[in-house]
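Add 2 to the 1-based position in the sequence shown for our numbering, that's all there is to it.
The hints are simulated quantities; they were obtained by calculation from the structure and are not laboratory data. We put the CB at the ideal spot given by N, CA and C, even for glycine. A couple of the hints might just be wrong.
BS3-like cross-link-like pairs, simulated, lysine-lysine; straight-line CA separation at most 30 Å [unchecked claim]:
| id | residue 1 | residue 2 |
| --- | --- | --- |
| 1 | LYS5 | LYS21 |
| 2 | LYS4 | LYS21 |
| 3 | LYS71 | LYS4 |
| 4 | LYS136 | LYS5 |
| 5 | LYS53 | LYS5 |
| 6 | LYS71 | LYS21 |
| 7 | LYS21 | LYS53 |
| 8 | LYS136 | LYS120 |
| 9 | LYS71 | LYS5 |
Across the chosen pairs, the derived CB separations fall in these ranges [as the list claims (entries may be wrong)]:
| id | residue 1 | residue 2 | range |
| --- | --- | --- | --- |
| 10 | ASN42 | GLY155 | 32 to 42 Å |
| 11 | ARG160 | LYS21 | 15 to 25 Å |
| 12 | PRO46 | SER111 | 20 to 30 Å |
| 13 | GLU49 | THR106 | 33 to 43 Å |
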Amino acid sequence: MKKIALFGPPASGKTTIAKELSASLEIPCTDLDNVLFTENGPLPLDEFRGKAERITRGESWVVEGNYSKLADVVWHRADVLVWLDLPLPLIVRRIVYRSLRQLTGLDASIQAQRLTWKRAFFGRRSLLRTAVRKYRNNRPRYARQVAETAELGVRVVRLRSGREADAWLARQLSGR
């Protein structure tokens, strides 16, 4: 495993797993959110695709983000595609917990600095509402895209619970 792509809804554990794999395998890790979002706002799609394409030209990488529109330049180039397909109640619980940590100052990440109560919970496009809507609407498309990726010879790992994700990661880190 030298080229690993991870995707899943917000708060599914993408960043945590990506960082641990990257450190263990001693290969670079990229969070696609950090590529897309700049001080001047999000990049245009063609520029975002170009940057993602350059990152995945390398011999080894871990890339994480929920951007199926980049499947051809990220997923299709991976040795392993990890889909964190966790249950919606778990995702909701994790979003609420993470948002509360960020809003109360217990998390000083870049994302936390941009978060407001409205953006987290109460706005029409709040993180919570968007996560629920995307979870329900995107899963059938993800399943089709993941199947297409598997047909190209990419090994697909679909993790459906927090325990399953933890066990898979532990096996990877132990070398089994």
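Hints, verified against the model:
1. LYS5 - LYS21: Cα-Cα ~14 Å, so holds.
2. LYS4 - LYS21: Since the Cα atoms of LYS4 and LYS21 sit roughly 14 Å apart, the hinted pair holds (cutoff 30 Å).
3. LYS71 - LYS4: holds, 22 Å
4. LYS136 - LYS5: This hinted pair holds, its Cα atoms lying about 26 Å apart.
5. LYS53 - LYS5: holds, 16 Å
6. LYS71 - LYS21: Holds, because 23 Å separates the two Cα atoms, which is no more than 30 Å.
7. LYS21 - LYS53: holds, 20 Å
8. LYS136 - LYS120: At roughly 18 Å apart (the allowed maximum being 30 Å), LYS120 and LYS136 satisfy the hint.
9. LYS71 - LYS5: With a Cα-Cα distance of about 18 Å, the restraint between LYS71 and LYS5 holds, given a limit of 30 Å.
10. ASN42 - GLY155: 32 to 42 Å: Distance hint for ASN42, GLY155 holds at roughly 38 Å.
11. ARG160 - LYS21: 15 to 25 Å: holds, 21 Å
12. PRO46 - SER111: 20 to 30 Å: Once the Cβ atoms are compared, 25 Å apart, the range 20 to 30 Å for SER111 and PRO46 holds.
13. GLU49 - THR106: 33 to 43 Å: The hint (33 to 43 Å, Cβ to Cβ) holds, given that GLU49 and THR106 are roughly 35 Å apart.
Consistency note: the structure conflicts with none of the earlier hints.
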